[in-house]
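Novice: As you go down the protein sequences, you meet chains L and U in turn. Once you know that position 88 of the first sequence is 88 in our numbering, the rest is easy, because the numbers rise by one and skip nothing. Once you know that position 142 of the second sequence is 142 in our numbering, the rest is easy, because the numbers rise by one and skip nothing.
Misleading hints may appear alongside valid ones.
Some chain L residues judged to face chain U by a derived CB distance under 7 Å, without partners named [unchecked claim]:
no., residue
1, THR40
2, GLY41
3, THR72
4, PHE114
By construction, these hints were calculated from the structure, which means they are not laboratory data. Note that beta-carbon positions come from the ideal geometry of N, C-alpha and C, so glycine has one too.
For reference, the chains in residue letters:
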Amino acid sequence: MQEQARIRILVGKPGLDGHDRGAKVVARALRDAGFEIIYTGLHQTAESIVSAAIEEDVDAIGLSILSGAHMTYFPKIRKLLQERGADDIIVFGGGIIPEDDLQALEQEGIARLFTPGTTTEEIIAWVRDNVRPKSAA
Amino acid sequence: MATLAQRVRGGERRAAARLMRLLDDGVSAGFDALRELYPDTGRARIVGVTGSPGSGKSTLVDQLVRVWRDRGLTVGVVAIDPTSPFSGGAILGDRIRMRQHEADDGVFVRSLATRGNLGGLSRSTRDVVAVMDAMGMDRIVIETVGVGQDEVDIVGTAHTSLVVLVPGMGDDIQAIKAGILEIADIFVLNKADHEGVDRAEREIRAMIELGGDLDGWKPPIVRTIASSGEGVLNLADAVDDHLRWLDETGRFEDRVRRARVHHVRQALRDRFERRLDRAITEQTGIAGLIDAAASGEQDPYSVADAVLAELSVG
Ligand SMILES: Nc1nc2c(ncn2[C@@H]2O[C@H](COP(=O)(O)OP(=O)(O)O)[C@@H](O)[C@H]2O)c(=O)[nH]1
Ligand SMILES: [Mg+2]
Numbered sequence: 001m002q003e004q005a006r007i008r009i010l011v012g013k014p015g016l017d018g019h020d021r022g023a024k025v026v027a028r029a030l031r032d033a034g035f036e037i038i039y040t041g042l043h044q045t046a047e048s049i050v051s052a053a054i055e056e057d058v059d060a061i062g063l064s065i066l067s068g069a070h071m072t073y074f075p076k077i078r079k080l081l082q083e084r085g086a087d088d089i090i091v092f093g094g095g096i097i098p099e100d101d102l103q104a105l106e107q108e109g110i111a112r113l114f115t116p117g118t119t120t121e122e123i124i125a126w127v128r129d130n131v132r133p134k135s136a137a
Numbered sequence: 001m002a003t004l005a006q007r008v009r010g011g012e013r014r015a016a017a018r019l020m021r022l023l024d025d026g027v028s029a030g031f032d033a034l035r036e037l038y039p040d041t042g043r044a045r046i047v048g049v050t051g052s053p054g055s056g057k058s059t060l061v062d063q064l065v066r067v068w069r070d071r072g073l074t075v076g077v078v079a080i081d082p083t084s085p086f087s088g089g090a091i092l093g094d095r096i097r098m099r100q101h102e103a104d105d106g107v108f109v110r111s112l113a114t115r116g117n118l119g120g121l122s123r124s125t126r127d128v129v130a131v132m133d134a135m136g137m138d139r140i141v142i143e144t145v146g147v148g149q150d151e152v153d154i155v156g157t158a159h160t161s162l163v164v165l166v167p168g169m170g171d172d173i174q175a176i177k178a179g180i181l182e183i184a185d186i187f188v189l190n191k192a193d194h195e196g197v198d199r200a201e202r203e204i205r206a207m208i209e210l211g212g213d214l215d216g217w218k219p220p221i222v223r224t225i226a227s228s229g230e231g232v233l234n235l236a237d238a239v240d241d242h243l244r245w246l247d248e249t250g251r252f253e254d255r256v257r258r259a260r261v262h263h264v265r266q267a268l269r270d271r272f273e274r275r276l277d278r279a280i281t282e283q284t285g286i287a288g289l290i291d292a293a294a295s296g297e298q299d300p301y302s303v304a305d306a307v308l309a310e311l312s313v314g
């Protein structure tokens, strides 16, 4: 029963800003699309996100960053994943990110960044096209 | 190159996490590795925690882990949440309550979805527990949703089972009475800061008295406020008491045997189902039989018997 394999995605929100409504909406939409979401909530450090992602053996990490701290968190998470030999975990995210930063982050290996106005359908479609369960390899 | 099993034995967290994934996804390489690791299992003490959603299980587990860590024990946590029957997806959110242990290498938390398995556990729960056992975790906690007839599966896996109740669930207790005494080695009356805690304790006590003497162990009721940590030391002591009682009365061996039997049955069910799925796609005879049932040409019982006969020769 190879179809037992499910895509697992960690959804969380690093940084200090207040609410996680956006992250929750995305988490629910991804669940409704049939994915397993490990929801880690607010105020996560880059270290804690990476530890959780490794313990849960997720295929991707999806981060919501509104605080403007995207240039610190995304590269830091990529770096920690590399250090721990886990850079096969795809990192994507969303937030208010200026055009220049988008390009810089893509250079850093962030697979995809969604800007405000993106529908959950677009996110789901992107996940379907780009994320595979690691067990199926 | 080291095998997956060797890497797990060597303490590599990433390897352990991957092995759990293979087992959860039913990939045969995972079972090969687990077979290799099986001699390393059997040391851990396994504690089940069950109770209604929101009763405070995850918060309680977080606190128990802290007490056990203070006592020098390593801890694995398997937190199970239901899979949505509509989409097959799940939101696994128990980790949120366990963040104080994130940086601690003596703690390993894994979230699992039930994936349509009944009984409150995922099919893979026992396998994931075995991996944590082989990793050398001293205690393994399994958190599972629900209380009632449905959750008896935890009994077949855990050495000590906690049932978490909260004040103001009088009717709940009535409804779950039947199954609950068979599950609970310890009753946890959490949210003891809420109104109605005395009444709730009386109700639970009355239920225990009605149940009579269950093979010499009378389940204690431990009051806790998981959100502040109050009562959690008592709870950890109650767990130790129960584990000691199991040891002293020889019942520990019984429970281990029972857990192994459950494990075999689960493995058999999984194998049978996989074999059946394969046979349906690969053996035209079997597909034909099922078509005959689909069209109404034959009744489902005759078809099932015929398929079974095919499988045992094939
Ligand atoms: N007042 C109070 N709240 C608690 C207590 N234990 C847990 N909670 C809260 O109850 C909610 C649900 O807790 P959680 O551990 O997620 O419950 P679970 O669904 O059973 O795992 C959280 O907001 C906790 O902070 C308690 O003893 N007293
Ligand atoms: Mg929980």
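Novice: Confirm or reject each hint.
Specialist: Results for each hint:
1. THR40: holds (6 Å)
2. GLY41: Interface hint status for GLY41/L: holds (4 Å vs cutoff 7 Å).
3. THR72: Violated. Min distance 19 Å.
4. PHE114: Since chain U brings no Cβ nearer than about 19 Å to PHE114/L, farther than 7 Å, the hint is violated.
The earlier numbered hints that this structure contradicts are 3, 4.
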